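Novice: Based on these hints, arrange chain B on the given structure of chain A.
Here is how the chains run, residue by residue.
Protein chains: 2
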Amino acid sequence: MKNGRSIKTSTRICAIIGNPVEHSLSPAIHNAAFTELGLDFVYVAFRVEDVKHALSGMRAMENFRGMSVTIPHKIEAMKHVDTIEDVDRHIGSINTIINDSGNLLGLGTDGPGALKALTDAGVNLSGKNILMLGGGGAARAIAFTLANNGGAAAIEILDINETIRDQLTMDLTTGTNAVIRSNSMTDHTLAKAMAVADIVIHCTPVGMHPKEGVSIVPATLFRPGQVVFDIVYTPLETKLLADAKSKGLQIISGVDMFINQAILQFERFTGVDAPVGVMRRVVMEHLKS
Amino acid sequence: MKNGRSIKTSTRICAIIGNPVEHSLSPAIHNAAFTELGLDFVYVAFRVEDVKHALSGMRAMENFRGMSVTIPHKIEAMKHVDTIEDVDRHIGSINTIINDSGNLLGLGTDGPGALKALTDAGVNLSGKNILMLGGGGAARAIAFTLANNGGAAAIEILDINETIRDQLTMDLTTGTNAVIRSNSMTDHTLAKAMAVADIVIHCTPVGMHPKEGVSIVPATLFRPGQVVFDIVYTPLETKLLADAKSKGLQIISGVDMFINQAILQFERFTGVDAPVGVMRRVVMEHLKS
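Chain order of the listed sequences is A and B. Per numbering that gives the first Met the number 0: the first sequence ends with 288, consecutive numbering throughout. Per numbering that gives the first Met the number 0: the second sequence ends with 288, consecutive numbering throughout.
Same shape as in the complex, but just chain A (with noise of 0.2 Å):
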């Protein structure tokens, strides 16, 4: 199979932007799933700078259907579209562009790739207590979509960083009805709010490649029952994960979350469901070589 070969002038085009774009799965992912249900689209990468004049490009190439948006282009992008979901622009990023005859709709679906990959794995939210460790882009993302969808009883956030933690946890108060708690992170604050947690979701950077084999959270603090949910996928199972199903506690690993952000992408660029196998099956090849 070589590039472009059924490329037509109907054909649409979809592109990540960011910078660097060199690792992105998206295009093999997207284009796998093209080909899987013989859309005509393709699927490309554009390294960008310049995120006003490249959405003024796409605006004015009629096909130019899709974009997925990555760092560090998921806050600028935001001013240049044309229409923002409300919840998106609560959360404050963009990670999906749409292009629906040269008006350009901003949307996210970290949150909702986040929230599908707990239903899909049977996760019930309501009057359930939400541990979210972290106060990131990411993390963001997510409580806005737990605190609008399922109905959990609390959402408590921990992060050392003060000010990201009060200015999401102003956010959600103003943007959410959902009662949101807050706390620096220390180990007193996090065994406590671990003694009360029915679900953990881990937002930070730790137990990433190439900083593998640590977890902030102390195994100890594992209580039966609990759900832990890690936004890292690199590597497909965390320490954190590691501990927790030593524990026997259910867990979700990030890649299950990177897969419905591009599953809902996908959807939005088509208008059909997703081939989900395949996409999944290309992340997976990816993440293993």
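For the record, the hints were derived by calculation from the structure and aren't laboratory data. Everything numeric in this text was worked out from a predicted model, so none of it was measured. Just so it is clear, CB atoms sit at the ideal spot from N, CA and C, and this is done for glycine as well. Any given hint could turn out to be false.
As the list claims (entries may be wrong) - Sample of chain A residues lacking proximity to chain B, with all beta carbon distances greater than 12 Å (derived):
hint	residue
1	K7
2	P26
3	N128
4	N147
5	D170
6	N176
7	S183
8	M193
9	P204
10	P217
11	Q225
12	K246
13	G276
14	L286
Claimed, not checked - Restricting the straight-line Cα-Cα distance to at most 20 Å, the calculated cross-link-like pairs of lysine to aspartate or glutamate (EDC-like) are:
hint	chain 1	residue 1	chain 2	residue 2
15	A	K7	B	E35
16	B	K7	A	D39
17	A	K51	B	D49
18	B	K51	A	E48
19	A	K51	A	E75
20	B	K7	A	E284
21	A	K238	A	D165
Specialist: Using the frame of chain A, we list chain B on its own:
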């Protein structure tokens, strides 16, 4: 073969912009050539109205390497590139844009494509009288290229439109060192010009599909030794060429100019010699189907 199977984050993108672009052969031609040489490039088509912003976008997308520009944007595109080759500034239109690290270079390959069609056919321009029938956009590109290359004795331009004819004549006289003559196109001027022309280049739409079977040159005017070049390529053999051929004259079809302009674009996009045979085969397959 399906879309995008081997598209990677490193893949460089080329595109045609125009409106309409539905019938363009360029994606088929260039993608076949990329595949043939195993180059990490892909070529797509964008329907564009807003040329300015499309080019802003190209500039911002670092691996958006090259663009083919077609009707109606060949003149407008000049305003939005950063650098234009001198001859193209005189011609007043471009059909190619190269993105060199954010600097957009505009140039034309129609004139050089026509020149290459002549020289590939073994036609020596030196000391020859060239007769151009029609003075529109394509004629401008060809006339400037021939005025600057090959040492023709004189170029005579016939066009029924006085404004177009006078503008081109003035621009050629000012912008090149060639001997330029021009005249209205009547039975009389045509007969007179044909009596001295060594090379006849037809640049009007007469004879083009769906108005086939018509020629503006009465077959009685052909003289032994003349070369007749028709830039029309649908049909591949126009009545003009059929008449010239029946008189035993050397003929050159517009398809050679069309293929050559694509070859020259390809070589600018990639920096490597084009796989001419593959590109010609794709064009011929499409034109004959």
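Novice: Next, verify each hint and record whether it holds.
Specialist: Each hint tested on the structure:
1. K7: Violated, since 6 Å does not exceed 12 Å.
2. P26: violated, 5 Å
3. N128: Non-interface label stands for A/N128: nearest chain B Cβ at 40 Å, farther than 12 Å.
4. N147: holds, 33 Å
5. D170: Label holds. Min Cβ-Cβ 30 Å, cutoff 12 Å.
6. N176: holds, 40 Å
7. S183: Nearest chain B Cβ is 39 Å from A/S183, so the label holds.
8. M193: holds, 39 Å
9. P204: Label holds. Min Cβ-Cβ 22 Å, cutoff 12 Å.
10. P217: The claim stands: A/P217 keeps its Cβ more than 12 Å from every Cβ of chain B (closest is about 39 Å).
11. Q225: holds, 38 Å
12. K246: holds, 39 Å
13. G276: Given that every Cβ of chain B is farther than 12 Å from that of A/G276, nearest at about 17 Å, it holds.
14. L286: Non-interface label stands for A/L286: nearest chain B Cβ at 16 Å, farther than 12 Å.
15. A/K7 x B/E35: holds, 17 Å
16. B/K7 x A/D39: holds, 18 Å
17. A/K51 x B/D49: holds, 15 Å
18. B/K51 x A/E48: Holds - the C-alpha atoms of A/E48 and B/K51 are around 19 Å apart, at most 20 Å.
19. A/K51 x A/E75: Cα-Cα ~8 Å, so holds.
20. B/K7 x A/E284: Holds - the C-alpha atoms of A/E284 and B/K7 are around 15 Å apart, at most 20 Å.
21. A/K238 x A/D165: It is violated: about 28 Å lies between the C-alpha atoms, which goes past 20 Å.
The structure does not agree with the numbered hints 1, 2 and 21 stated previously, though it agrees with the rest.
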